[in-house]
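Q: Sequences are here, hints too, so could you generate the full structure?
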Amino acid sequence: MTTDVAVEMITVVIDGFEVTVPKGTLIIRAAEKLGIQIPRFCDHPLLAPAGACRQCLVDVEINGRAFPKPQASCTIPVEPNMIVKTQLTSPVAEKAQKGIMELLLINHPLDCPVCDKGGECPLQNQAMSTGRTESRFTGVKRTFEKPVNISSQVLLDRERCVLCARCTRFSEQIAGDPFITLNERGALQQVGIYEKDPFNSYFSGNTVQICPVGALTGASYRFRARPFDLVSTPSACEHCAAGCALRTDVRRGKTLRRLAGDDASVNEEWNCDKGRWAFKYISSKERVTSPLVRGEDGELHEASWPEALAKAAAGLAGKRAGVLVGGRVTVEDAYGYSKFARVALGTNNIDFRSRPHTDEEAAFLASTAVSLQTTYTDIDKADHVVLVNFEPEDESPIVFLRVYKQVRKRSIAVTTVAPFASRGSEKLNATVVSSFDQVKNLTEKSVVLVGERAAEVPGLLSAIAAHTTAKIAWIPRRSGERGALHAGALGNLLPGGRPVSDASARVDIQSAWGVQSLPTDIGLSTSEILASLSTPGGLEAAVVGGVDPADISADALGQLLNTFVVSLEISHSAVTAIADVVLPVAAVTEKAGTFLDWEGRARNFDQAIEGALTRSDVRILSMIADEMKKPIALPSVTSAAKELASLGTWDGAKVSKPSVSSANKVSVSGNEAVLTSWRQLIDLGSLQAGEENLAGTARPTVAVISAKRADALGVKNGDHLKISTDRGSVTVPAQIAAISDESIWLPRNSQGSQTIVTFGAAEGCLVTVVKA
Amino acid sequence: MAYSSENLATMDSIIARYPRKRSAIMPLLHFVQAIEGYVTAEGIEVIAQKLELATAEVTAVSTFYTQYKSEPVGEYHVGVCINTLCAVMGGDEIYKSVSDHLGIGNDEVTKDGKVSLERIECNAACDFAPVVMVNWEFFDNQTPQSVKDLVDGARNGNPPAPTRGPKTLRTWKENSAVLAGISDGLAGEGVSAGEPSKLGLKLSKEGK
Amino acid sequence: MSKLKPVLSAHWDEADSFTLEGYRRNGGYAAVKKALDMEPDAVIQLIKDSGLRGRGGAGFPTGMKWGFIPQNDGKDHYLVVNADESEPGTCKDMPLLMANPHSLIEGIIIGSYAIRANYAFIYLRGEVVHVYRRVQKAIEDAYAAGLLGKNINGKGFDLELVLHAGAGAYICGEETALLDSLEGFRGQPRLRPPFPAIAGLYARPTVVNNVESIASVPAIVANGVEWFQAMGTEKSKGFTLYSLSGHVKNPGQFEAPLGITLRELLEMAGGIREGHTLKFWTPGGSSTPMFTQEHLDVPLDYEGVGAAGSMLGTKALQIFDETTCVVRAVLRWTEFYKHESCGKCTPCREGTWWLVQALKELEAGRGTSADLDKLLDIVDNIAGRSFCALADGAASPIVSSMKYFREEYQRHLDLGSCPFDPIASTLFAGARA
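Residue numbers (my numbering), protein chains in the order written: chain S, 0 to 771; chain X, 3 to 210; chain W, 3 to 435.
Careful, some of the hints might be misleading.
Keeping only pairs whose Cα atoms sit at most 27 Å apart, straight-line, the calculated DSSO-like set for lysine-lysine is [stated by the list, open to error]:
{"id": "1", "chain 1": "S", "residue 1": "K629", "chain 2": "S", "residue 2": "K641"}
{"id": "2", "chain 1": "W", "residue 1": "K405", "chain 2": "S", "residue 2": "K94"}
{"id": "3", "chain 1": "X", "residue 1": "K71", "chain 2": "S", "residue 2": "K140"}
Distance windows between CB atoms, simulated [stated by the list, open to error]:
{"id": "4", "chain 1": "S", "residue 1": "T142", "chain 2": "X", "residue 2": "A163", "range": "41 to 49 Å"}
{"id": "5", "chain 1": "S", "residue 1": "F66", "chain 2": "X", "residue 2": "G107", "range": "39 to 47 Å"}
{"id": "6", "chain 1": "S", "residue 1": "K32", "chain 2": "W", "residue 2": "T370", "range": "46 to 54 Å"}
{"id": "7", "chain 1": "S", "residue 1": "V769", "chain 2": "X", "residue 2": "D114", "range": "50 to 58 Å"}
{"id": "8", "chain 1": "X", "residue 1": "N158", "chain 2": "W", "residue 2": "S4", "range": "44 to 52 Å"}
{"id": "9", "chain 1": "S", "residue 1": "T142", "chain 2": "W", "residue 2": "D416", "range": "33 to 41 Å"}
{"id": "10", "chain 1": "X", "residue 1": "A43", "chain 2": "W", "residue 2": "R265", "range": "51 to 59 Å"}
{"id": "11", "chain 1": "W", "residue 1": "K376", "chain 2": "S", "residue 2": "T142", "range": "22 to 30 Å"}
{"id": "12", "chain 1": "W", "residue 1": "G277", "chain 2": "X", "residue 2": "N158", "range": "33 to 41 Å"}
What the hints contain is simulated information worked out from the structure, not anything from laboratory work. Beta carbons are placed, not taken as given, at the ideal position from N, Cα and C, and that holds for glycine.
A: Written out as structure tokens, the structure reads:
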């Protein structure tokens, strides 16, 4: 990592060994560099020092003057001429540490045999290294009622707690959610919530992970396994484009838990609760376990792979077809779809966007987003972060944590182009503006984070594409979109950012693929493919990856009804129900692959679970292509990765930037309002199916209206509103906030408010709002 | 809704005393006790809203300090000092006898809601030991009998006056309001100083 | 010639000593006038030259503390008065504030002017409602008289003064815990550095001074350095309040030059109560190691008490006669520290929990002499290992009582019970029988 200023280095002596570390390094970490492990509980490298547990006491001397008492090595930065003696060389430090350990254990239940933490517990480990063999405490231990459900997802066993305050400091310092606090005092001090407000933080799972004892446990893992029975595999999160490193822990072929992995440049050591706790979909009863073929009777029947592949190939051969990839594919799978469309189907009709989208966006993606190189580090150094139709806490939580970190650390400015200040924006002290042209004070150190919803406002992406001062990043919600863009799973792009419209770009790919020609027409978009499929004389067949039609439009499913559909899916869905051939594909834990996070950074992962369903999309597509006698020659994930890498990226002329002008404001009258919405992190998303504990921590569904509208309707906070169009209605409690008088905000896909399903739209449509 | 618009305005005026509003949390908690007698859920929620804090943050503060009560106390809250000096000088006997007399223990309230009892730590009046505090007013040089009389008077609506304090003993809620900074105009009542406080002065005047 | 020197307490026998009128009648607020005509730095220098040391326990030179505040740094500065008087035995600041609140306010104006603070706070413990009333009224009257607020005395100096009630937490007497409490947090001590002089209240340069320290400032300004220096001993200058309590005939406040002895003070207090003898005493509150008969002639100044193995502390002289069980006394103090431990750090939180249980066993006569050694070893794992000094305070009575009275502990164990009659040590022992 490069730094702007040269860091002063300081040499200190620890236990007789010299070590040179940057100024500001704490003694405890300088010691680590020498391989000297000083025991600790409250210390955490990403939290401000607390000095609370006192386990890390060492003897310190500076310029020949010794501190009269041992010092907490987690709170003192190294200084020149400092000599440190840890437990290894100072009998005083050794006794101090043993004394603290004995005190920590006098009130600890020592229930390791029934504790989830047993086997991976810092207290257990350090009691072995630093403790006495027998306690001298013969008195009465502190007891508490146990466990306390501090949320539907997190349980607290207070008697195990060593009061290191890692959890409360994390919640306040890192997540900005001070919903758990230290309460009471002295020996009765304890972690707790306010009785009516549970610990519903999107990041609560991190507290379970950093708890150095078994005081905080996750409901879904509690009492399920012993750590030493688990097999751990490094993995990457499939939920959003933040790119979190994960660790997947599996026992006998079943994923039991997922933990945040360490990656200092991406997710540091954190992840969000969705990434941690939404994985049951993989082992759901709804999984497609065998190929299915629709018979003469109109029903789906289990079929052999050869039969199903043959049926798929026959149905696609010679047809005018489109490919809907979905936003959750790995880059290798996306490349498979991209090549399959061009080579096997002879078309550029391919689109990864299974969400509201426009041609303006396609031009933005191909001209601008595909080559953006803004990174997390740019956020770390930014003077001003601008959020454009992007709610990082809901749509890319780790991006939120990074921005929040700089807001706390350096009080950087944040501006959000949004209808109102969400809870996330409030935490960021963000200034709310209603359009991008109102954003002020952008410098070359500023970072503009553009969400996928920018596509929903005509002209907005044109304005972004034209911006030249600040660094721009495009942060889609889903994990596969940046990779799919890179792989050319879009109608106007070939792999490596090559414009379909550019003949030399096509020649590049033609020669690499060894094909005579590539289609030259710009492909149809998702909505155009769907429309064409339902139009006489239009497209005749579709290959559909992991797509939920309800994410695109209310009509999407219907548009797939009378056409030949090959569905590659992990679980039974609306698409499999109407498909002609269903081919089961591997879920993330069952295969290897790569996601490109929003930065474009590769996030590789290995197969975590051995099993039958190990075929990644790309392999299946390759088999269909073979059957069609139009081979794409991608028999494995590895081969796809190698081939894509060999193509390199395009450095020639790009697609023209979009130049769409902004639309006139919709005018409303009476009870009308303009709908605006986004998806909350924890909602009805299909990958969260079956996660009841997680769902319990979702933010409540509310309809946000202005005080003026509330007055006009005679409603207070919490009164119900009925929001309707001629397609349908929802009834939701009102929340009054500083939103424009013309607008109403609803969650896009939450319990009781699914705007696309109900209204056929997510943004910009007129609805009628009345008191329910 | 225990908080009238007048109460809410008072809370705003308390907040306005400080350069940063979070500093007002302690006087606001005293104020909540002035209105409701103890720290209620509603009180926590109102403070959280006023100070833009999470309710958990208010709870964390209210449970740290022993003067904030999570359960109702009596109209007259009797604190018997049982720190070493007062205990040795008779505080232990006083506590035992008044506890037996009222039939309540530490942190308990009489059935009529009039009197509650607390074992308190040193209250900075050691030269007046044994000391009893009622609604945080000084009752100096107490005996088991004087405290029995005190609580009997309190239950009959006729408590004796504090040794160093206003002419009449105010209720728990009234004194909580004072601690919130709402003046009751009684500063002028009572002695300047108790006799022991003046002992050195007296001796020096006598040339001793 | 009296050995006493009432300054702060000089007019406590006047019925209106606590009023603005009463204070002014005796020359009050003349020092403010004098100070505001000086340069702020000159005021700091004057207090430095006087040798005034903190009266809250630690004895840090007040002028030096003021001098640590970075000047002309463009930041807000704060003066915070620590009126959280809660150390067992300590009972000087409360009567001072009850009888003479304006001396504190005058000191605050001078101190704030010196350190260029335009906002000051008095953090008063919450369990003293009548003291709150007196201080609040004094502040109101000072505002009305133009002594607080904008353009004080027409000298262009602005000062806002806020009275803030604590709510029952001894730890808030620790200056960084006090600042956290004043900021609206749990009163738990802060990590240092940064020290309050650099980043105190609201992370701004802040001076935290004890009530008596600040209240002493007007007299020094009014009477001059020489006057102040003439009192006390070589390194402990000036006058101070000594508080005698317990088994003395006449307990009370004695304001005297630093360096007076307990023998002299006892004489003025009429001696130990009739028919009894001195057994042990604290020189400055329960956190200062206890003394015995043999320390009657120790000069009660910072150096003298220190040299004798204790600390001057708050000059809270708690006197116990031979009827008092030292184990019971120590247990009760230990229960106090357990009750007041903030919970932040392990040794204090868990250690006081354990010590109370251990001492209860010993008081009841259960255990062996090995348990006495164990007790000392537990203390050794607590003292000097904790986040702040509270746990060191908890260790003091145990270590010092074991030093002087180990045989009394042993007697409990030999007897299998406490050899003392608690009734015998009460004030009303005779009356009750």
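Q: Looking back at the hints listed earlier, which ones does the structure fail to meet?
A: Of the numbered hints, all hold.
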